[in-house]
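Those protein sequence lines, which keep their order, are chains L and Z. Under full-length UniProt numbering, the first residue of the first sequence is numbered 1, with each subsequent residue one higher. Under full-length UniProt numbering, the first residue of the second sequence is numbered 1, with each subsequent residue one higher.
Please keep in mind that the hints were generated in silico from the structure rather than gathered at the bench. None of these values were measured; they are calculated from a predicted model.
Derived lysine-lysine pairs resembling DSBU-like cross-links, with alpha carbons at most 35 Å apart:
id, chain 1, residue 1, chain 2, residue 2
1, L, Lys26, Z, Lys181
2, Z, Lys50, Z, Lys188
3, L, Lys26, Z, Lys110
4, Z, Lys231, Z, Lys181
5, Z, Lys231, Z, Lys221
Facing chain L, from chain Z, some residues (calculated, C-beta under 8 Å):
id, residue
6, Pro94
7, Met96
8, Gly105
9, Ser120
Computed Cβ-Cβ distance ranges for the label pairs, DEER-style:
id, chain 1, residue 1, chain 2, residue 2, range
10, Z, Pro108, L, Ala236, 21 to 29 Å
11, L, Val333, Z, Asp142, 22 to 30 Å
12, L, Trp316, Z, Arg112, 47 to 55 Å
13, L, Gly226, Z, Arg112, 29 to 37 Å
14, Z, Asp195, L, Leu331, 50 to 58 Å
15, L, Arg341, Z, Asp142, 13 to 21 Å
16, L, Trp207, Z, Phe164, 25 to 33 Å
Even glycine gets a Cβ: it sits at the ideal position worked out from N, Cα and C.
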Amino acid sequence: MTTASTVKAADERVRSIGLVRRLLLKPELGAVIGAVVIFVFFSLLSEVFRSPSGVANWLDPAATIGIMAVPVALLMIGGHFDLSAGVAIGTAGITTTILTTQYNMVLWVAMAVSLLVCLGIGFLNGYLVVRTGLPSFIITLSTFLGLQGLNVGVTKLITDQVQVQGLADEPFYDGAHAVFAGTISIGGQDFQIAILWWILITALGSWVLLRTRFGNWVFAIGGDLGASRNVGVPAARTTITLFMAVSAAAWFVGNTQAIRLGSIQAVAGFGQELIFIVAAVIGGCLLTGGFGSVIGASVGALIFGMTSQGIVYAGWDSDWFKFFLGAMLLLAVLANRFVRRYAEESGK
Amino acid sequence: MTATPMLELRGVRKTFGNVISLDGVSTSVRAGEVTCVLGDNGAGKSTLIKILSGVHRPDAGELLLDGAPVTFAGPRDALDAGIATVYQDLAMIPLMAIWRNFFLGREPTKGRGPFRRFDSRTARAVAREQLLRMGIDIRDPDQPVGTLSGGERQSVAIARAVYFGARLLILDEPTSALGVKQAGMVLKHIVQARDRGLGVVFITHNPHHAYPVGDRFLLLKRGRSLGDHAKADITREEMTALMAGGAELEELAHELERDPASPAGRVAADLTEEASALGIHPDGR
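With the hints as constraints, model all of the structure from the sequences given.
What follows is the structure, given as C-alpha cells:
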C-alpha cells in the first residue's frame, strides 16, 4: 500500500464525521432497536413469553414470515413488489397435496412439480414486468387475483371441498415431515425446524445481497434502472431471478404448511403478501427500491412473531395486534424517509 | 501535431428524418490533447457525442480510429476501442456506496463456483486509490454517491472511466450544472487525464471553461461546423463571439432597449457593452 499513510489520515476523519449518522444509514438499525424494545416489553408483561416454550412459540410464526420476507426484501431492494407471494404459498401446497393424494404421485415428485409450478409463476411475473415495463404492483396484482381464483376453483373442482386432506397417509410423508416440519430439541425444548431454515435463508440472502455481483446489481436496478443498464448490468435477468426467488420461497413455505398439517386450505397464504412487505419495510427497505437489508427484513419478521404471540400472552384482545403492527409500520416508514433524505442530500 | 489522431471525424453528416442534425463536421482528437466541442442548444453536440460513442452511425463521412476507418455497431464497440463516455446523468446510483458504484457492472470477484463473490476489499481499496490519484480524498468509500457534490460525482465517473482502460474520454457537459469552484475541479481532472496521455473530448457551451483546457476547438451551430481551430489559431474573444452568435446578442439588446431606465433597459445596456467588448458593433457589422 503506497497510499497507506493517506488512507489512515482519511480514516480518522471518517470517525469525526459521526458514528450516529453512520449508524443511521444502516437500514436494519431501526428494526433491531424495535425488536429489543418489543422483547423487553412483553418479557416484563408475561413470564411465559420469555420462557423457552414461549420463545419457541413466537419464533415459529417469525420463521414462516421470515423465510418469505428475505426474498421479498431482495425484490423490494430491486425496485419491485410481489403481491402474489401470499397466494403462491397456497398454490404450492395445493399442487403438492392434490398431486399426491388425488393422483397418487410420489410425494417428493409432487413437490418437485410444485417447485416447477412456483418457479413458473415467478418467471411469468418477472418476464411480464421486464417486457411490459408496467409497475410490478399491477402485474402481480393480476397474478395474485388469478392464483387466488385458481387455488379455490381447482381445489373445489377436484375435491368438492375448500381444502385438500390426507397428505399424512401418503408414503414418504415421514421423511418429508422430518425435513420440512420436524423439530429440534434444545435444552429440553422443541423448536420447529423452520426456524433453522429461516436462519440459513437469511444468512444466504444477506450474503448474496452484500457479497456478490448479483447483490450489487439488485441495489443498482432498484436505485436507478436506466443508469444500471448504461453500465452493463443485466437488469432483465436480475429482475426475473428475484421474482423466481420469491416464488421459490413460497414453494418452501407452502409445502412446509401442507406437510406440517397433512392438509392445506384453498385460501392458504391469502393476505400474507402484505405482511411480508411490512416485515421488509420495518427492516429498512425503501418502498422505492435501491436500499434495504435482508437481515432487517428477518428482524421485521421477528417483530411480527413476537408481537402476534406476545399480545396473546399478555392476555389482550388479539385485535390490538393489527394496531401495533400499523404503528410499527408507520414508525419504520418515517425512519426510512429520514435515511433517504440524508443519503440523497448532495454537497457537503 | 504530427502524430496520427486517435480519433478523427471527416465530413460527418447525420440526419433524423428530414432534420439534418449534423452536416460536414470534421475534427480530431490526439492522445494527450483536449478537443472541445462548443455550441449552443440544438447545435448538434449530443448527436456528435452519440456518433463518437457508437450510439449512432453517421449517414455520410468517415470516422477514423488511429488512422483507420471504423464503424461502431454499438456503444460496446466504442467501449472496446477504449472510448468511454461520461454522460450528464453519470450512470451512478445515488443510494449506493462509492465503491459499489465504481465497479458497477464490472465487479471484481474472488472464489469459484457457488462461492464466487464480489471482492469488496479490493473494490474499496481500488476505488479509494483511483480517486486519490485524481486528487479526490473521499471521506469514506462506503458513503452513498448521493452525498457527494456534483463535481465529486463527475470526478468519480471520470476516475471510473480511466480505471477501466479508457484511452479516449468523452465528457458530456461535465461542468454545466456546477458552481464555479466545482467546475474548476472538473477542469482540473480534465487536465490530469490529458497529462496521463488520454485523449479528451470535452463538450460544453461555456467558452470560459473550454478555452483554458482545450487544445483544439470545434464550434458547432445548427448542425454545421463554424470552424475547427487549434488553440494557436483562435483567441478566447473570437471564440466567444462566434459562440454567442454576436448578431443575436445584439438583436436582443435592441429588443430590450425600449426604456433605458427599466431593468430590461439596463440589461440591454450591459449586453451592448458586452457585445462591443467582443468586437461586435451596434450597427450589426
